[in-house]
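K.L.:
Work the whole structure out from these sequences, hints included.
Heads up, the sequence shown is in the working numbering, so the first residue is 1 and it goes up one at a time.
It should be emphasised that the hints constitute simulated quantities derived from the structure, not laboratory data. Among the hints, a few may not be true.
Simulated restraints, written as ranges between beta carbons of each label pair [what the hints assert, rightly or not]:
hint: 1; residue 1: Asn59; residue 2: Ser11; range: 17 to 27 Å
hint: 2; residue 1: Gly51; residue 2: Ile15; range: 24 to 34 Å
hint: 3; residue 1: Val47; residue 2: Gly16; range: 16 to 26 Å
hint: 4; residue 1: Thr2; residue 2: Trp35; range: 16 to 26 Å
hint: 5; residue 1: Ile15; residue 2: Lys37; range: 26 to 36 Å
Built from N, CA and C at the ideal position, the CB exists for glycine as well.
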Amino acid sequence: LTWDDAAAFCSTQHIGGRLPSLASAAEADAVLSLWSKLSYWVGLSDVAKEGSFVWADGNSSRPLPWNS
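P.N.:
This is how it looks when you write it as C-alpha coordinates:
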(Lines of atoms letter the chains of each structure in order from A and count residues from 1; the text may use other names and numbers.)
(Lines give C-alpha, C1' and ligand atoms only; values in the text may rest on other atoms or scores of the structure.)
Protein backbone atom coordinates (compact mmCIF):
# COMPACT_ATOMS: atom_id res chain seq x y z
CA LEU A 1 0.00 0.00 0.00
CA THR A 2 1.53 3.33 -1.03
CA TRP A 3 1.18 6.61 0.87
CA ASP A 4 -1.17 7.89 -1.85
CA ASP A 5 -3.32 4.74 -1.60
CA ALA A 6 -3.48 5.01 2.19
CA ALA A 7 -4.46 8.69 2.00
CA ALA A 8 -7.16 7.89 -0.58
CA PHE A 9 -8.51 5.05 1.58
CA CYS A 10 -8.79 7.37 4.60
CA SER A 11 -10.71 9.92 2.56
CA THR A 12 -13.25 7.27 1.52
CA GLN A 13 -13.89 6.13 5.09
CA HIS A 14 -15.13 9.44 6.46
CA ILE A 15 -15.93 12.87 5.02
CA GLY A 16 -12.75 14.87 5.52
CA GLY A 17 -10.84 11.73 6.53
CA ARG A 18 -7.06 11.88 6.25
CA LEU A 19 -3.94 10.18 7.52
CA PRO A 20 -3.12 11.16 11.10
CA SER A 21 -1.13 14.29 11.86
CA LEU A 22 0.97 13.80 14.97
CA ALA A 23 0.83 16.82 17.28
CA SER A 24 3.99 16.23 19.29
CA ALA A 25 6.96 13.97 19.83
CA ALA A 26 5.06 12.42 22.77
CA GLU A 27 2.14 11.60 20.49
CA ALA A 28 4.51 10.06 17.93
CA ASP A 29 6.04 7.95 20.71
CA ALA A 30 2.56 6.80 21.82
CA VAL A 31 1.65 5.76 18.27
CA LEU A 32 4.94 3.92 17.91
CA SER A 33 4.41 2.06 21.19
CA LEU A 34 0.90 0.98 20.11
CA TRP A 35 1.77 0.02 16.55
CA SER A 36 5.46 -0.88 16.80
CA LYS A 37 5.01 -4.26 15.10
CA LEU A 38 2.69 -2.97 12.38
CA SER A 39 3.26 -1.00 9.21
CA TYR A 40 1.37 2.27 8.99
CA TRP A 41 1.40 5.64 7.27
CA VAL A 42 1.14 9.07 8.90
CA GLY A 43 -0.08 12.23 7.22
CA LEU A 44 3.32 13.78 6.54
CA SER A 45 4.58 14.30 3.02
CA ASP A 46 6.70 16.43 0.75
CA VAL A 47 4.38 15.99 -2.23
CA ALA A 48 3.96 19.74 -2.82
CA LYS A 49 7.70 20.53 -2.63
CA GLU A 50 10.46 17.93 -2.43
CA GLY A 51 12.19 18.13 0.94
CA SER A 52 9.60 20.45 2.53
CA PHE A 53 7.48 18.22 4.74
CA VAL A 54 3.94 19.26 5.67
CA TRP A 55 1.37 17.43 7.78
CA ALA A 56 -2.01 16.51 6.28
CA ASP A 57 -3.62 19.20 8.46
CA GLY A 58 -1.37 21.83 6.82
CA ASN A 59 1.05 22.29 9.73
CA SER A 60 4.75 22.32 8.89
CA SER A 61 6.16 23.48 12.23
CA ARG A 62 5.76 20.32 14.31
CA PRO A 63 8.74 18.00 14.79
CA LEU A 64 9.24 15.13 12.38
CA PRO A 65 8.54 11.66 13.81
CA TRP A 66 11.90 10.08 13.04
CA ASN A 67 15.48 10.30 14.20
CA SER A 68 17.92 12.21 12.06
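K.L.:
Confirm or reject each hint.
P.N.:
Hints, verified against the model:
1. Checked against the hint of 17 to 27 Å, the C-beta distance between Asn59 and Ser11 comes to roughly 18 Å, which is consistent with it.
2. Gly51 and Ile15 have their C-beta atoms about 31 Å apart, which keeps the hinted 24 to 34 Å range intact.
3. At roughly 18 Å, the beta-carbon separation of Val47 and Gly16 lies within the given 16 to 26 Å, and the hint holds.
4. At about 18 Å, the beta-carbon gap between Thr2 and Trp35 stays in the expected band of 16 to 26 Å.
5. The hint said 26 to 36 Å for the Cβ distance between Ile15 and Lys37, and at roughly 31 Å that hint holds.
Checked against the numbered hints given earlier, this structure breaks none of them.
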